[in-house]
Each structure stands twice: as structure tokens, then as C-alpha cells.
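Could you put the whole structure together from the sequences, leaning on the hints where they help?
One line per chain: the protein sequences are A and B, in this order.
Per our numbering, the first sequence starts with residue 1, numbered consecutively.
Per our numbering, the second sequence starts with residue 1, numbered consecutively.
Note that these hints are calculated values from the structure, not bench results.
Hints should not be assumed to be uniformly reliable.
[Said to hold, decoys possible] No farther apart than 27 Å at their CA atoms in a straight line, the calculated lysine-lysine pairs in the BS3-like style are these:
hint, chain 1, residue 1, chain 2, residue 2
1, A, Lys60, B, Lys17
2, B, Lys24, B, Lys2
3, A, Lys122, B, Lys11
4, A, Lys122, B, Lys17
5, A, Lys14, A, Lys45
6, A, Lys69, A, Lys217
7, A, Lys60, B, Lys97
All of these numbers come straight from a predicted model, not from anything done at the bench.
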Amino acid sequence: MHKDTTVLITGTRKGIGKYLVEHYINKGFRVIGCSRNKADYEFEKYKHYCLDISDETSVKNMFMEINKKYNRLDILINNAGVASMNHSLLTPLKTAHKIIDTNLIGTFLFCREAARLMQRNKFGRIINFVTVAVPLKLAGEAIYSASKAAVLNLTQIMAKELGDMNITVNAIGPTPVKTDLIRSIPKPKIDNLINSQSIRRFGTFEDISNITDFFIKSESDFITGQVLYLGGVT
Amino acid sequence: MKSKVIEVIYKSIDDIKDTVSNMKDVNKSKDMVLFGNKGLLDSLGLVTLVVSVEQNLQEQLDISVTLADEKAMSQQVSPFKTIDTLAEYIIKLVEDKNYA
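As C-alpha cells, this is what we get:
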């Protein structure tokens, strides 16, 4: 990786996304981020876009601008996601659509547009976010977990389709990390989840960047279609 | 219009010729068979060409079209058979879009 290395991260206004922006700025990369709302921070090598990641026109326009401005994209980290914890019998259709649109359709659109840019340079690293709720099949997270299971399948199939283009596609499956995403989940539920991990603690932002660093390093060019769960969840 | 579109397709072939097999020393002509029986491209090569043509249409002619969709697959003659059929298909898509 070099000074022109360009990273695109979704969901960068706060939480893990914001941390990853700082992490890769500190490594000297050019970082592009996006979220629905404006970011309350700035860096010389950071450009922020305000958009809905499931809106095809906005996403395509952003990628067109990235192509014109930088003519390259090396790394995509699909961090943006929404969660809604609810019993399946009590989940409104509107909520289900919102979760699928953001988590699955948004991830798909970014993978597609990013890979179109990456294939020009015959290099790319795509990292998607899934969750330990997928292998653990947690009650109360049916739609959220189903959307992430779909992202995992998307990851594995795109890894096959993009392998010949030297683009790797992998996924990270975090345990609960102290962010807004888990704010509304009752403490006993979180405790129960953490107790089902091999290593019983919250995940940290550093745990996440450790995995993203691993997936993007040049030596990881033979690793694709994989999911790496934190905390010993399998 | 058609000659401009064909130029874009030629440029797209030049852009991908180093990365797609069978394309390196190809002599470009309107009747060049791209895909299907006796076609130069395998399926991955076709994907790469379609992406390149879409990007170059946008950049060179400010035309935004989706070339590979259900409509393309349902054509009696595949739009991807030759450079000429591809150019004709692109023009048809643009005209349909303008009258929609």
C-alpha cells in the first residue's frame, strides 16, 4: 500500500466507521466516507459524501466522481448498517424493508460499483460486515440476521466472480461493540450473547481494524470469500 | 451517432486488451465476433467489456445505459454478437430512453 491508496468506507459519521477513517488517515491513505448526514470532523485527505447507500442514482454519482477525481479505488469497507431487534411476529414490514435495503442492497450496490472501478487496475479489496448473530441464530434478530446472512452469501459468491480480477471479497463478523447499534438492546440479552463467545468480552474498534488490516495487506491476496468472526464465535 | 458509439466500443476494446485473453492483437472491425459461436470473448471477458463500454459511454458521450439486463438477454439476436450488433443495441437503448 502507498500514499495514493484510496479507501472507501461507508457509515463514517460515527462509531466503527469514524474510527476506521482515522485509522486509515493515520496510515497515510486517502479516505472517502459516506453517511446519510454530514460528518462533524475533517481531515486533509478525507472526503465525505452525504447519501442513502441504497439509492442507486446517488451511489452511482458518487462513484463517477471518485473515478473522475482519483481514477482509482483500492479498498472498500462496507461498514454501514442498521439493526432492529424485535420478535419476528412483531416486526413491521417497513422495518424489514429498511433493514434489507441498507444492509443488503446498500452493500451490493457498493460492491458492484467498487468492483467496476477496481477491475480497471486489476486490484481490489472488499470487506463486508456481517455479525455473530448469523452463526448464533439469535432469537429476536430475525430480519437483521437474515439480511447479514445474505451479505455473507453475497460475499462468498462475489469472491468467486471477482477472483480472476484480483479483487478479494471477505467479511468480518463482529461481536457486540459498544456503539449506537446495540444501544437499545437490553443488558441481559447482551450479557447472554457475550457469554456464548469463547472469549467473553465486548469487541473493540481495534479488534475490527486488526481484521480489516489483515484482509487488505498485500500478503492476503490468496484470501477471499472468508468470514472472520470475533470472540471465537463459529 | 453510430460511428461515435463504434469508436467508444473500439476504445473499450483497447482499454481491456491487456487484461482479457484473445484481445491483445485483435484487428477491430464492425463485424468482429465478440461473443457466442466463434466469439473472441469468454464470459468473464464479456463482463469486462460490457463494464468498460458502459464506463466509456458515460465518460465520452455522457450516455448512461445498462447494457446487460433482462432486455438484452431476450433479444432475438444477441446484442453482444458483434461490434455492430452492440452499437445498434446501444443506439436503440438511447432512443428508447429519449422517447420514454
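- Query: Given the hint that Lys24(B) pairs with Lys2(B), does the C-alpha gap stay at or below 27 Å?
  - Reply: holds, 25 Å
- Task: Take the C-alpha atoms of Lys60(A) and Lys17(B), compute the straight-line distance between them, and say whether it is at most 27 Å.
- Result: Roughly 25 Å between the alpha carbons, so the hint for Lys60(A) and Lys17(B) holds.
- Message: Next pair to validate is Lys122(A) with Lys17(B); report whether the Cα-Cα distance is within 27 Å.
- Response: holds, 13 Å
- Given the hint that Lys122(A) pairs with Lys11(B), test it: the Cα-Cα distance must not exceed 27 Å. holds, 18 Å
- Given hint Lys45(A) paired with Lys14(A) - CA-CA distance at most 27 Å: holds, 18 Å
- Message: Would the hint linking Lys69(A) and Lys217(A) be met if the CA-CA limit is 27 Å?
- Response: Roughly 24 Å separates the two Cα atoms, so the pair holds.
- Quick one, are Lys60(A) and Lys97(B) close enough, alpha carbons at most 27 Å? This hinted pair holds, its Cα atoms lying about 18 Å apart.
Taken one by one, the earlier hints all hold for this structure without exception.
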